[in-house]
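Those sequence lines, one after another, are chains Z and H.
Numbered per my numbering, the first sequence spans residues 1 to 310.
Numbered per my numbering, the second sequence spans residues 311 to 374.
Derived from the structure by calculation, the hints contain no laboratory data.
One should not assume that every hint holds.
Here are the simulated lysine-lysine pairs, DSS-like style, with alpha carbons at most 30 Å apart [what the hints assert, rightly or not]:
1) Z/Lys28 <-> H/Lys322
2) Z/Lys223 <-> Z/Lys262
3) Z/Lys89 <-> Z/Lys28
4) Z/Lys85 <-> Z/Lys28
5) Z/Lys262 <-> Z/Lys282
6) H/Lys322 <-> Z/Lys89
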Amino acid sequence: MTDASLHIARPEGATDEASLRDYWQLLKPRLMSLSIFTALVGLLVAPGPQHPILAATSILWIAIGAGASGALNMWFDADIDRVMKRTRKRPIPSGRVAPGDALALGLFLAGLSVVMLGLTANWVAAFWLAFTIFFYAVIYSMWLKRTTSWNTVVGGLAGAFPPMIGWAAATGSTPLEAWLLVAIIFMWTPPHFWALALFVKLDYHDARIPMLTVTHGRAETRKQALIYAVGLAIVSIYAATTALGGPLTLAVVMVLNGVFVKGAYDMWRRTDADSDNHAVEKGLFKWSLLYLFAHFSVFVIEAALPFGGW
Amino acid sequence: MHRDHEVHLRRKGRNFGVLGVLLAFIVIVFGVTVAKIQTGGFSEGFDHVARPALVPSGAEEANE
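The following block holds chain Z by itself, in its conformation from the complex:
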């Protein structure tokens, strides 16, 4: 290689040479870690023995599929990311990665992850992984995110699929219990995100993204968060009474949901005039993080206990 290569015209939009870390950032590692955790829980609580290597590699392909969704999302949302402070330094808007490269990486990883999950586990799991990537990249990112204030709810569904894919990878089927895991994350996402939106100044308005706090107001957002929190409690407690749960799970989720609904109720009762620097919203957001981790962990503990289950 000669220094002449330094002066070759770069693709439009790229002003700096990308490092490996930039490509890693394209995969949204935080989102990927949530998918890994929930998919692993789905795989572990599913009935039947699993080969450890096949189980571990199945989780890897699900994680790569989630990363592919992230890259495709970043490719399509580059114009929005350029406007918002929080996302301005991402690899595409900052010019380190050319949009075409991000698109190519996303499509390649999507194809690779689906085919490899099909070969490693089964084609039921591969189908749901492909559907999830399509749902997040096309239905959510390209369509609903920019057109409806229910984008948080719809986007939450895409993030809810990984435990069901993990279950399908282990068993080749998607029974009611697998869908209950989906329903828990689906109901959990709106109050989790809306609590954050109420105490952090997100500049979605500048990017013309119709978030609920902007389109329907903060009071309506508080009300909707409470409705979803109650719905989450119903789904969660029901799940604890099925083959997924047991006495331990039921006891833990009663506490988790009790605190969560109380927090959502307090958040609904208050207004922005209360001068405690959004302590209630921050408290609910932090509890929501603990909630999901503890809820999914107790399913695994219950499944592992010799005396667990009903």
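Since the structure of chain Z is provided, determine the placement of chain H on it from the hints.
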């Protein structure tokens, strides 16, 4: 004294990263292959393996 340009260092890092990913892919495919053979899930589909589903039953042979 020769010093690598910062861009070349980045490219080197990227190239080694791709090398690592490719090596990891080889190890993973090998591991999955071994696991598949151990569990026997794929074996019946290939040649040189008895496939009971394709062996005609005695009753069918008698009818012919």
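Structure-based check of each hint:
Distance hint between lysine 28 of chain Z and lysine 322 of chain H is fulfilled; the C-alpha atoms sit about 23 Å from each other, no more than 30 Å. In summary, the hint linking lysine 223 of chain Z to lysine 262 of chain Z is supported, as the alpha carbons are separated by about 13 Å, within the 30 Å threshold. For the hint linking lysine 89 of chain Z to lysine 28 of chain Z, the alpha-carbon distance of about 13 Å falls within 30 Å, and the restraint holds. Taken as a hint, the lysine 85 of chain Z and lysine 28 of chain Z pair is honoured in the structure, with Cα atoms around 17 Å apart against an allowance of 30 Å.
Using a Cα cut-off of 30 Å, the hinted pair lysine 262 of chain Z and lysine 282 of chain Z holds, with the two alpha carbons roughly 14 Å apart. Only pairs whose Cα atoms come within 30 Å are accepted, and lysine 322 of chain H paired with lysine 89 of chain Z is accepted, the gap being roughly 23 Å.
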